[in-house]
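> Below, each chain spelled out in residue letters.
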Amino acid sequence: MERRVVITGIGVIAPGAIGTKEFWALLSEGRTATRTITFFDPSPFRSRVAAEADFDPDLHGLSPQESRRMDRAAQFAVVAAREALMDSELELDLSMDPHRTGVTVGSAVGATMGLDREYRVVSDGGRLDVVDHTYAVPHLYDYFVPSSFAGEVARSVAAEGPATVISTGCTSGLDSVGYAAEVIREGSADVMIAGASDAPISPITVACFDAIKATTPRHDDPARASRPFDRTRNGFVLGEGAAMFVLEEYERAKARGAHPYAEIAGFATRCNAFHMTGLQPDGREMAEAIRAALGQARVASNQIDYINAHGSGTKQNDRHETAAFKASLGSDAYRTPVSSIKSMVGHSLGAIGSIEIAASALAIEHNLVPPTANLHEPDPECDLDYVPNESRTWPTDMVLTVGSGFGGFQSAMVLGRVT
Amino acid sequence: MSATAVVTGIGVVAPTGLGAAEHWTATCRGTNRIAPITRFDASGYPARLAGEVAGFVAEEHLPSRLIPQTDHMTRMAIVAADWALEDAGIRPEDWPEFGMGVVTSSSSGGFEFGQRELQNLWSKGGQFVSAYQSFAWFYAVNSGQISIRHGMRGPSSVVVSGESGGLDAIAQARRLVRRGGQVMIAGGVDASICPWGWVAQLAGGRVSTCPDPQLAYRPFDADAGGHVPGEGGALLVVEDADSARRRGAHVYAEIAGHAATFDPAPESGREPGLRRAIELALGDAGMQPQDIDVVFADAAAVPQLDQVEAGAIRAVFGPRGVPVTAPKTMTGRLLSGAASLDVATALLSIRDQRVPPTTNISAAADADLDLVLAEPRHGAVDAALILARSYGGFNSALVVRRHTEGKP
Chain A
-7 MERRVVITGI GVIAPGAIGT KEFWALLSEG RTATRTITFF DPSPFRSRVA
43 AEADFDPDLH GLSPQESRRM DRAAQFAVVA AREALMDSEL ELDLSMDPHR
93 TGVTVGSAVG ATMGLDREYR VVSDGGRLDV VDHTYAVPHL YDYFVPSSFA
143 GEVARSVAAE GPATVISTGC TSGLDSVGYA AEVIREGSAD VMIAGASDAP
193 ISPITVACFD AIKATTPRHD DPARASRPFD RTRNGFVLGE GAAMFVLEEY
243 ERAKARGAHP YAEIAGFATR CNAFHMTGLQ PDGREMAEAI RAALGQARVA
293 SNQIDYINAH GSGTKQNDRH ETAAFKASLG SDAYRTPVSS IKSMVGHSLG
343 AIGSIEIAAS ALAIEHNLVP PTANLHEPDP ECDLDYVPNE SRTWPTDMVL
393 TVGSGFGGFQ SAMVLGRVT
Chain B
1385 MSATAVVTGI GVVAPTGLGA AEHWTATCRG TNRIAPITRF DASGYPARLA
1435 GEVAGFVAEE HLPSRLIPQT DHMTRMAIVA ADWALEDAGI RPEDWPEFGM
1485 GVVTSSSSGG FEFGQRELQN LWSKGGQFVS AYQSFAWFYA VNSGQISIRH
1535 GMRGPSSVVV SGESGGLDAI AQARRLVRRG GQVMIAGGVD ASICPWGWVA
1585 QLAGGRVSTC PDPQLAYRPF DADAGGHVPG EGGALLVVED ADSARRRGAH
1635 VYAEIAGHAA TFDPAPESGR EPGLRRAIEL ALGDAGMQPQ DIDVVFADAA
1685 AVPQLDQVEA GAIRAVFGPR GVPVTAPKTM TGRLLSGAAS LDVATALLSI
1735 RDQRVPPTTN ISAAADADLD LVLAEPRHGA VDAALILARS YGGFNSALVV
1785 RRHTEGKP
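As they're listed, the protein sequences go chains A and B.
Counting in our numbering, the first sequence runs from -7 upward without gaps.
Counting in our numbering, the second sequence runs from 1385 upward without gaps.
To be clear, the hints were calculated from the coordinates, so they are not data collected in a lab.
Errors might be hidden in some of the hints.
What the hints assert, rightly or not - For the chain B half of the interface with chain A, some residues (derived, Cβ under 10 Å), not all of them: (1) Ala1426; (2) Pro1539; (3) Gly1653.
The C-beta atom is built at its ideal place from N, Cα and C for all residues, glycine as well.
Make the full structure from the sequences, and use the hints.
The structure is reproduced here in C-alpha cells:
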C-alpha cells in the first residue's frame, strides 16, 4: 500500500495579499493586484506593469540580519514556510522529528533581484568588465547559489531531512511539491516543507522578457493588464510571491488530528523537446502529463471538478493549454470550469505553480472556484468555461492544476479532497 | 518501485579531460589541472587559480545556431550528454519519446552569459539585452536544451542543491526510472569562471588564496586553506536494468543507494548530518559498511569541515576502515559538476578495479583516515560511496555497486 501525502498547512505571500486569508479573499472577490511597477523606474521598458507584493520583512517577522542575508525571494519562502507550519499546528518540538522532515523550494530565477542589484555595484554600473570584489556584499554567495533558499527554510523550521531547490523554470512550483510528495511516498521523510518562491521584478528580468515580447506592453490600464483567455491578451504580467506547504504522510496527519486541505493524488511532468520558449499549438506534451497525473491519481476525466490553468495570458500559451485540456479530458474539458489566477496575481515564474496549488487546495476547502479576471472578449480559440470575472460556488472535490514553462517543461498535478 | 537503475553511459567534460577515457587516464596518473586562470584577467583578485577545461571548442561539437544562445556551461553539458549517449550506445530516435528524460543539477546557472547581459543592461540599456537571456542563464537550461536536442519528452527535472545536487540529480533519475522511465540523462555540469562568478565565489569565503597550484587545494591536510573552484562535470545515462539487459548494454554499475540530509544549526550542539546521510544511503542500498570498497570524499579543504567528514567516515567505517580518495584535488571543485564527476570516476574504478589517488598532500591530518595518496590503489572495487556537501548545510551520499544479473 503506497503512502499517501496530504497538505496540512498553507502559507502564501502574493501580490495584494500577505498570508493565506488575504490571498483567498483577493481571489474569491476577483480583485486584481497588477499595477505600474514601483520598484524602479519602468519608463525605459516596453512592459511597465507587474504584480508586486507589499511585503515588509520587519513586519513579517524577519530579523535585521535575516533581511540582510536573504534575497527577497528567500525572505518570501521563509515567511510563507513559517505561516504554513503555524497553520498546520505541527508542534516543532513535539511530533516533528527533524530527521524525518525535509524541504523543497521551487524557484525559476533564484536571487535575481539581489544579483541584479549587486552586479550593478561591483561593475560600477556596467563600466567594469573585471568587476570589483571589494564592493561585494558578504552574502553574495547566497545569491549565487539559490540552494540557499532551501537552506534558509530548513534552518528556519529546524528540518534536517533532504533539502533542495527544484528549478524547472515556470513549472518549478508544481515540480517542487511533486518532488516532495515523492520523497514522502518513498519513505525518505514523513513531513516536507515544500513550495516555491520567486521575486523576479528587477530590470534584468523585465528587459529579458521585453526582448522576446513575452510580457504585455499594455500600460494604460495596469489593473486590467493580465487577460488570460481573452481575445485581447498580449503577454503575461510579471509577478512575485511564494507559497509554502506542510506536506505530511496521511496516516501521520490523521493520527495527530491535523486538518488535511487536500491530498496530492497525482503528479506528472513531461517535456515538449521543441523550443526553449516556444509552444506548439496542439498541447500534446501537456496533455500527456495530464493523462499521467490522472492515471497516478486513478481519476477519470469526468471526476475533475475544476481546472486551475497555467493561463499566462500570452497568445501561444492559452491556445496551447486549451488544446491540451481537450486532448486529455475530451468532452469533459467543456463541462469543467477552468480559471487562471494569473489574471489577478500575475505570473511569478517558478513561484506561481505553488501559489496555484494553494488556490486549488482552497477551492476544495471552500467549494468555490476563483475566477479569471479581465475576461470580457472571448477568443474563438479558447472556447472552454473560464469562469469570467466572478468566482463561482461549485462543489469541488478534485482539482487539476497545470504549468508550462521555458525549457519546455509541462507539469500537471491532481489534488483531491481527503475523505 | 522495484526497478533497478543502472548506469550504461558516461560523458565527461572536465579539467582532467574531454571524454571519460582522457579523464580516467589523467586521474589515475594524478595529473594536476589546477593552474592560473586564463579565461579572464584575475590578477586583481586574491585568488587566481582554477581548474579550467582546456581545449574545449564548442563549435567543434555543436551546431552554430546553439552557440549564441548558450552559456559555456550549457555547451559543455550538451556535449557531455552527447558523449554519454554515445557511450551507452543509445540513439534517442529509436526510443519512445516519453520514456526518456533529463535530470540535471546546476549550482549557479549560466553566470558568464548573465554577466554579459547584465553589463549590456547597465552600461547600454534594456534594449541591448539578448533575446536569449530569458533562458540562457537560468538553472533549468541544461535539462531543456538536452531534452530538445534528443527529443526526450519524458519526466525531467532540475535539482539545485549546490555540490550535493550532483548526487541528488542522479538519485532523482533513479526515482524516475523506478516510476517507469527507461533512459535518463543525469548529473551536473557547472562553470562560473568569469569575473562576476569569481567575485560571487570569493564571497563564499572558502576559496583558497594560495598562489601555488600544487598547494592551493589540500583537503584533509593540516594546512588546508580552502578549495580551488573548477568547471565542467559529468552526465550519465541512467537506465532501467531490464532495458539494459534486453539490449545487451554494458553496465558500469547500479545506483544502489542514496540519502540527503541537512545540518542542524551549528549552535544547536547537534551532530552534523553527514554521518546520517552515509548510514541512510547504506541502508537504502541494503549494504553494510564493510561492503564499501572506497569512499570518494567531499573534501572541502576547510579544516573544520574536513574534521566533520573524517569523523563521519570514522564513525561509520571505523579507524582506517575504508580507503578514501579525493581526485577532485586535480580539478578543483566544480560545484554540482564535482559530485557527478566523482560518480563517473567511481564507476570507472569499479570497471578497472583501481582507486585513483588524492594529490597535493603527503599525509592526512587525521591518522584514522586511510587516504589513497600519490599512486592509484589496485584491488577489488565492487562498491563505492560518493559524498558531497554544499554551502549552507546540505549533505548527500550515493552508493554505486557492481551490477550482477538476478540480484534485486
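> None of the hints should be skipped; say for each whether it holds.
Hints, verified against the model:
Hint on B:Ala1426 holds. Least Cβ distance to chain A is approximately 8 Å, under the 10 Å limit. Interface restraint check for B:Pro1539: the shortest CB-CB distance to chain A comes to about 5 Å, inside 10 Å, so the restraint holds. For the restraint placing B:Gly1653 at the interface with chain A, the shortest Cβ-Cβ distance is roughly 13 Å, beyond the 10 Å limit, so the hint is violated.
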